[in-house]
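Work out the full structure: start from the sequences and follow the hints.
Residue numbers (our numbering), protein chains in the order written: chain W, 0 to 270; chain Y, 518 to 748; chain P, 11 to 130.
These are computed hints drawn from the structure, not numbers from a lab. Everything numeric in this text was worked out from a predicted model, so none of it was measured. Built from N, CA and C at the ideal position, the CB exists for glycine as well. A couple of the hints might just be wrong.
Claimed, not checked - Straight-line Cα separation of at most 20 Å, PhoX-like style, residue types lysine-lysine; simulated pairs: (1) K265/W / K583/Y; (2) K547/Y / K642/Y; (3) K30/P / K43/P; (4) K76/W / K642/Y; (5) K6/W / K608/Y; (6) K63/P / K547/Y; (7) K733/Y / K30/P; (8) K590/Y / K265/W; (9) K642/Y / K14/W; (10) K185/W / K266/W; (11) K642/Y / K266/W; (12) K608/Y / K3/W; (13) K3/W / K622/Y.
What the hints assert, rightly or not - Per the computed footprint, the stretches of chain W lying under chain Y, defined by three or more beta-carbons under 8 Å from a beta-carbon of chain Y, are: (14) 71 to 85; (15) 88 to 96; (16) 262 to 268.
Said to hold, decoys possible - Far from chain P, by Cβ distances over 12 Å, these chain Y residues were calculated: (17) K537; (18) K608; (19) R640; (20) T643; (21) T700; (22) C748.
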Amino acid sequence: MLGKAIKYDILAQYKSFCVVYAGIIISSIFFRILDSFSDNLGRVGKVMSSVIGSIFTILVIASIFMVFILAVTRFYKNLMRDEGYLTHTLPMPTWQLILSKLITAYIFTIATIIILGFAFGIFSGEYLWLFELIEQSSYIKSEMIAEAGPGIIPLIRIGLIYAVLAPFTFLSQVYFSFSIGNLSNKNKLGFSILTYFGVNCVNQILGFIFISIGAFNSNLITNSVYTATDDKAVLSELSSIFNGYMILFLLVPIALYILANYIFTKKLNLE
Amino acid sequence: MSIAVCRNLTKRYGHITALKNINLEIEGGKIIGLLGPNGSGKTTLIKLMSGILTPDEGDALICDEKIGVNTKKIVSYLPERTYLNDWMRAKDIINMFSDFYRDFKADTAYEMLKKLNINADDRLKTMSKGTREKVQLVLVMSREAKLYLLDEPIGGVDPAARDYILKTILNNYSEDASVIISTHLISDIEPVLDDVIFIKEGNMVLHSTVDEIREKNNKSVDALFREVFAC
Amino acid sequence: MPWVFDDSTPIYQQIIEQVKLRIAIGEYRAGDKLLPVRELASEAEVNPNTMQKALAELERDGLLYSQRTAGRFITENQNSIEGLKTSLAVERAKAYLSRMEMLGYDNRGALEELRKFIGG
Numbered sequence: 000m001l002g003k004a005i006k007y008d009i010l011a012q013y014k015s016f017c018v019v020y021a022g023i024i025i026s027s028i029f030f031r032i033l034d035s036f037s038d039n040l041g042r043v044g045k046v047m048s049s050v051i052g053s054i055f056t057i058l059v060i061a062s063i064f065m066v067f068i069l070a071v072t073r074f075y076k077n078l079m080r081d082e083g084y085l086t087h088t089l090p091m092p093t094w095q096l097i098l099s100k101l102i103t104a105y106i107f108t109i110a111t112i113i114i115l116g117f118a119f120g121i122f123s124g125e126y127l128w129l130f131e132l133i134e135q136s137s138y139i140k141s142e143m144i145a146e147a148g149p150g151i152i153p154l155i156r157i158g159l160i161y162a163v164l165a166p167f168t169f170l171s172q173v174y175f176s177f178s179i180g181n182l183s184n185k186n187k188l189g190f191s192i193l194t195y196f197g198v199n200c201v202n203q204i205l206g207f208i209f210i211s212i213g214a215f216n217s218n219l220i221t222n223s224v225y226t227a228t229d230d231k232a233v234l235s236e237l238s239s240i241f242n243g244y245m246i247l248f249l250l251v252p253i254a255l256y257i258l259a260n261y262i263f264t265k266k267l268n269l270e
Numbered sequence: 518m519s520i521a522v523c524r525n526l527t528k529r530y531g532h533i534t535a536l537k538n539i540n541l542e543i544e545g546g547k548i549i550g551l552l553g554p555n556g557s558g559k560t561t562l563i564k565l566m567s568g569i570l571t572p573d574e575g576d577a578l579i580c581d582e583k584i585g586v587n588t589k590k591i592v593s594y595l596p597e598r599t600y601l602n603d604w605m606r607a608k609d610i611i612n613m614f615s616d617f618y619r620d621f622k623a624d625t626a627y628e629m630l631k632k633l634n635i636n637a638d639d640r641l642k643t644m645s646k647g648t649r650e651k652v653q654l655v656l657v658m659s660r661e662a663k664l665y666l667l668d669e670p671i672g673g674v675d676p677a678a679r680d681y682i683l684k685t686i687l688n689n690y691s692e693d694a695s696v697i698i699s700t701h702l703i704s705d706i707e708p709v710l711d712d713v714i715f716i717k718e719g720n721m722v723l724h725s726t727v728d729e730i731r732e733k734n735n736k737s738v739d740a741l742f743r744e745v746f747a748c
Numbered sequence: 011m012p013w014v015f016d017d018s019t020p021i022y023q024q025i026i027e028q029v030k031l032r033i034a035i036g037e038y039r040a041g042d043k044l045l046p047v048r049e050l051a052s053e054a055e056v057n058p059n060t061m062q063k064a065l066a067e068l069e070r071d072g073l074l075y076s077q078r079t080a081g082r083f084i085t086e087n088q089n090s091i092e093g094l095k096t097s098l099a100v101e102r103a104k105a106y107l108s109r110m111e112m113l114g115y116d117n118r119g120a121l122e123e124l125r126k127f128i129g130g
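Structure, rendered in structure tokens:
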């Protein structure tokens, strides 16, 4: 059943994405074509080139926003509005309905990243940049260590983990806010938005507290005095601080996600 | 085994108690009218049985199972509103129902659409409200469920379609399934009903067979309704 | 003959009346096979249980009989059918007389009016 839910979640959104993806690829191709004549381009040609470049940029930004905006609107429409009368009477448990939304969001995130990867390659003329990146990865790694010390590697690793978790962190806040909004009888959407701001604030504050504690606990700051001696040592300390923050970054979203599931299952209040 | 049992079912919305301590039992092979004015709690009761709402007190069982994934497999619910995704075509929705419901008969659905002169390739967005409602009804009746919950199925529909809908409900009749129809249009539907349940301000004030009502009161259910719910 | 129901009495009783009428006028002939309960109920647009109740009572009265696998049939007993016609005729006569009584005619006066009307 989960697979079927994912299938229909994708079907509901893929057309919008295909339009934007097509726009991105086409404008990148046009730009590349124009740019390859750049020596022979008159003024008009140069203006056209800028216009197409701008369109490309706008579409790229739009596609990134789209992933999250569509994920949020799809969740709201499918689970909390009229469509919910169909969704919640399907013979599948609520946790599958919600998980399907999460997985679909990740699918479109990955799809967008892949399309953007290709598009940038076309746009810049370096079509094989991805392959080069992979080929050169160990060289790049050793250069980074030479420049910034071994501490850079765990930092980048953590950064990548955060990037992968970011959609989940964002969506778990959204789902939780919607689940609280669902409890209201007067204005579900309004309550959801309020809850979202609340949760966000609390998360920011908690984050600040965690990082401060991490910073003070590390060897960077003793007796409130900055004692770091060189950049490379700083980087190692930073990664241990972020490791601590990881607990917050992972546990809070998981808790919110579980709560959202519980509320939608036991306290469904469809209008 | 009864098809449905409600035990002390209560639902509140803030200060308002929409349903108060509902106790009822429904056997198989019955067509039951759920009658009451707007806001009396009929829709709330149906939503509780379909799993769209969760009760504050008490519970409901469908074929001895608590409301959940297993009951949703055997309950076919027609809400009063359009719940289908606009961009889909009728045949897309038939495919979706076939995907999710094992008891869904796609052939029956296509046949019914044909009889109602509805093109399965049309998008729901392009259909009139009445046509959309007919499509929803077709989907609900094409399932071989144990309990059909129909919330105002004939309200916004023309008389010819109304007849077709009632005929469909009768043709679908089976001894181990039951149909609960919530409606205002009592006189149209009375000949089709076995039992009626009157709901007034969240309370169940009557649960009787249509025959008993006519025999005891020498009037139709429609007439009795007007008496009980006189403004 | 279409099925017509009103609000006054239980529908199963009205079904019984109308089946009897159909037998009396010959729409259902002796030995005819009836449609299955579900189809008959659908035709009459009534609840199948209601139709079943009516047919069961007609069976008890001897106007219908059922054969386990074959279905339900109108009785082949001509006497029963004649008897039915007679009792329906009597009912109608009673109805006529009671309505004439409302107008002030006693039985003899009512009979006189009837004779005048028929022209004999």
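Quiz item: For the region 88 to 96 of chain W, do three or more residues have a beta carbon lying closer than 8 Å to a beta carbon of chain Y?
Solution: holds (count 5)
Exercise. Quickly compare the C-alpha distance for K642/Y and K266/W to 20 Å and report which way the hint goes.
Key: 32 Å, violated
Quiz prompt | Consistency of the no-contact label for C748/Y, given chain P and a CB cut of 12 Å | solution = 21 Å, holds
Quiz item: Straight-line Cα separation of K547/Y and K642/Y no greater than 20 Å?
Solution: At roughly 35 Å apart (the allowed maximum being 20 Å), K642/Y and K547/Y break the hint.
Quiz prompt | 20 Å limit on alpha-carbon distance, applied to hinted pair K733/Y and K30/P | solution = Measuring from Cα to Cα gives roughly 24 Å; hence the hint is violated.
Quiz prompt | Restraint check for K3/W with K622/Y, where alpha carbons must lie at most 20 Å apart | solution = 18 Å, holds
Exercise. Check the non-interface label on R640/Y: least C-beta distance to chain P beyond 12 Å or not.
Key: 33 Å, holds
Quiz item: Does K608/Y sit more than 12 Å from chain P, CB to CB?
Solution: 28 Å, holds
Exercise. May I ask you to check that T643/Y keeps its beta-carbon over 12 Å from the closest beta-carbon of chain P?
Key: 32 Å, holds
Quiz item: Would you say the region 262 to 268 of chain W counts as covered by chain Y, given the rule of at least 3 residues with C-beta under 8 Å?
Solution: holds (count 4)
Practice problem: Verify that the Cβ of K537/Y lies farther than 12 Å from every Cβ atom of chain P, and report whether the claim holds or is violated. | Solution: 29 Å, holds
Self-check item: Distance restraint between K642/Y and K14/W, which requires alpha-carbon spacing of 20 Å or less
Solution: 16 Å, holds
Comparing the model with each numbered hint stated earlier shows that hints 2, 7, 11 do not hold.
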